[in-house]
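K.L.:
Each chain, letter by letter, is given below.
Number of protein chains: 2
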Amino acid sequence: MLKTAHGEIPTPFFMPVGTQGTVKALEQRELIQLGARIILSNTYHLYLRPGDDVLYSAGGLHSFISWDRAILTDSGGFQVFSLSDLREINNDGVMFRSHIDGSSHTFTPESVVRMQRIIGSDVMMVLDECITSNAEFEAVASAMHRTINWAGRSVCTLEETEPLYGFDQMLFGIVQGGVYEELRQECIEKLTAMPFHGYAIGGLAVGEPIDDMYRITQFTAAKLPVHKPRYLMGVGTPENILRAVASGVDMFDCVMPTRNARNGMLFTSTGTVNIRNAKHKADREPVDRSCDCYTCVTFTRGYLRHLFIAKEILGLQLATLHNISYYLRLMSEARKAIIDNTYSRWMEMTLAKMQATESRE
Amino acid sequence: MLKTAHGEIPTPFFMPVGTQGTVKALEQRELIQLGARIILSNTYHLYLRPGDDVLYSAGGLHSFISWDRAILTDSGGFQVFSLSDLREINNDGVMFRSHIDGSSHTFTPESVVRMQRIIGSDVMMVLDECITSNAEFEAVASAMHRTINWAGRSVCTLEETEPLYGFDQMLFGIVQGGVYEELRQECIEKLTAMPFHGYAIGGLAVGEPIDDMYRITQFTAAKLPVHKPRYLMGVGTPENILRAVASGVDMFDCVMPTRNARNGMLFTSTGTVNIRNAKHKADREPVDRSCDCYTCVTFTRGYLRHLFIAKEILGLQLATLHNISYYLRLMSEARKAIIDNTYSRWMEMTLAKMQATESRE
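These protein sequences, in sequence, are chains A and B. Throughout the first sequence, residue numbering follows our numbering, covering -7 to 353 in sequence. Throughout the second sequence, residue numbering follows our numbering, covering -7 to 353 in sequence.
So here's chain A without its partners, still in its complex pose:
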């Protein structure tokens, strides 16, 4: 259970991604109908648009986007390293140019916490140095050490600042160290000595072999404090998530259900469906017979295919709604299986059912 100022969230859970203060193509009331108790947004994007002044005058992000459930904000570290141009990093922070208009900005560990005070997210993330998955040991070690230094400064800023809107905010540290267990180990030791409210596993799902991802997730999750939430950032496929839950991970986020929906890729209990495929032209079946979302109880695959082929916005809406429904239901079933003490068996059955037909498309 993650207790936030905007509700308690049973673990393990998945956070739909609402980078710019909206889960793309979904209305807030639909997220509530689907049972979403927390969404993820992004400090980098919100800092650029609408900006701290607008967010502050609105009374924070919850109020600005009319969402009174929990919000976690990523620090924007990953986005600075993946989206922006001409970044220059030093021990103080990172200078970058906006991917929108090329303007120059600087993020420091301190400024990123202060920005998240203005955003008013329930869970704030520290600024970390994100490094490419193929980096050498020395470079990964160096980025990890800087991340530790920045984590300490983030905690100081947390303590020196107050929440702006009358409710408590948490701050999570981020474990870096690439695919190297000794680096992960060192990072864990240093970060767990700091008073974070929870810990994230960063730097995975960025192109490394899948076995490395599982290995490092298991290694790291096992060493993080069991009484604090463990969050695997940016992961992943249904299978990735279920296996990470088995390793003890509590929290997930990923653009996959929303982004893939907009490309016509739908998740179902029997594998993925490419709805644009010609075989669905006159298909009168729902996307997933075992799904009770609005899309599945109302519309056929044939109609969804038509919407995608005709480039209609409703296709994006209905596909996103279904994929988020799928991810949230999967997590709900996982929680039930954990409580019933049948998780391993349930997971294997669920994955087998998924994979039996997954590659047919």
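Keep in mind the hints are simulated off the structure, nothing from the lab. Heads up, a few of these hints could be off.
Note that the list lumps identical chains together, so a pair holds whenever it fits in one copy or between two copies.
Said to hold, decoys possible - DSSO-like cross-link-like pairs, simulated, lysine-lysine; straight-line CA separation at most 27 Å:
1. K220 / K182
2. K(-5) / K220
3. K328 / K215
4. K345 / K215
Assemble the complex: chain A is given as a structure, and chain B must be docked to it using the hints.
P.N.:
This is chain B only, laid out in the frame that chain A set:
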């Protein structure tokens, strides 16, 4: 009251446009929540995509799009003349190339009725010849005469064919004749001698001066049978509609509320709002204080502006939802004013309120 096989619809009413079997960016359940009792779709678009085979195997358009309220389909005449390339018209029909893939097709008055049998629309429209607004008298007269000839053949096809899905379908004739009263007069006389279920006024709102539109609407509506529905095609702004109601028009459709929504132009009781305008950046007011739609009761102008500036799909959804809500509520108020016998006064007050601030943006 228009009585259809999918419900009775009090007049005057506005039909949201769902050209390709979806009102762009709105879910079917949202249309129902907004009180839409009928939508308009398009034979030209549905013929090209998804095609007659898919629609027939789905059991018609209502079933294909999961909409059990009424549907009117335009014949596609207007689209053939405005969208397709290399059209060639003769007395038999019109040959054209698809705007999607350039393939060649022919529409005849007969084939268009048969296609609408397959679509299963509650109200079918005849194929007419649509001519540019700046055409000379002789060309307009010639197109009008061809439209009359085609109308007769459409009625024959109606009588020679049966509904395919167990419910009755209506067929409306379309009065052409441009801005020339004598041509409109001749067309009305010929068409009202045929057993149509209703009559449309076509060939207006295509670029002619606004006074011509009002003059011809008034002239034509006054001469059409009072016991049958009168439909002004493709009109228009709130003011256009209210003035046409005063002339006796019962039915309207227009892409304006949906298309303008997607451009960030919102209709309100005090005029239009360009939501992208910088002045709305930190605006915490709703789009329209007097509107009870989900957009207005939940979100601020500042958030909507952010969604548009950040190119988020949710902006299109919320803006469309509001504009359709606005149009449907306007018609509901118009119906009430007619019943209360206060229409003229209500219309003048409504227009004055709208125009007092309309040009401020």
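K.L.:
Each hint needs a verdict: does it hold in this structure or not?
P.N.:
Hint check results:
1. When the C-alpha separation of K220 and K182 is checked against a cutoff of 27 Å, the pair qualifies only within one copy, where the shortest distance is 16 Å, while the shortest distance between copies is 81 Å.
2. Taking CA atoms no more than 27 Å apart as the test, K(-5) paired with K220 passes inside one copy only; the shortest distance there is 11 Å, against 63 Å between copies.
3. When the C-alpha separation of K328 and K215 is checked against a cutoff of 27 Å, the pair qualifies only within one copy, where the shortest distance is 25 Å, while the shortest distance between copies is 69 Å.
4. Taking the closest pair of Cα atoms, K345 and K215 never come within 27 Å of each other, the shortest separation being 32 Å inside a single copy and 67 Å across copies.
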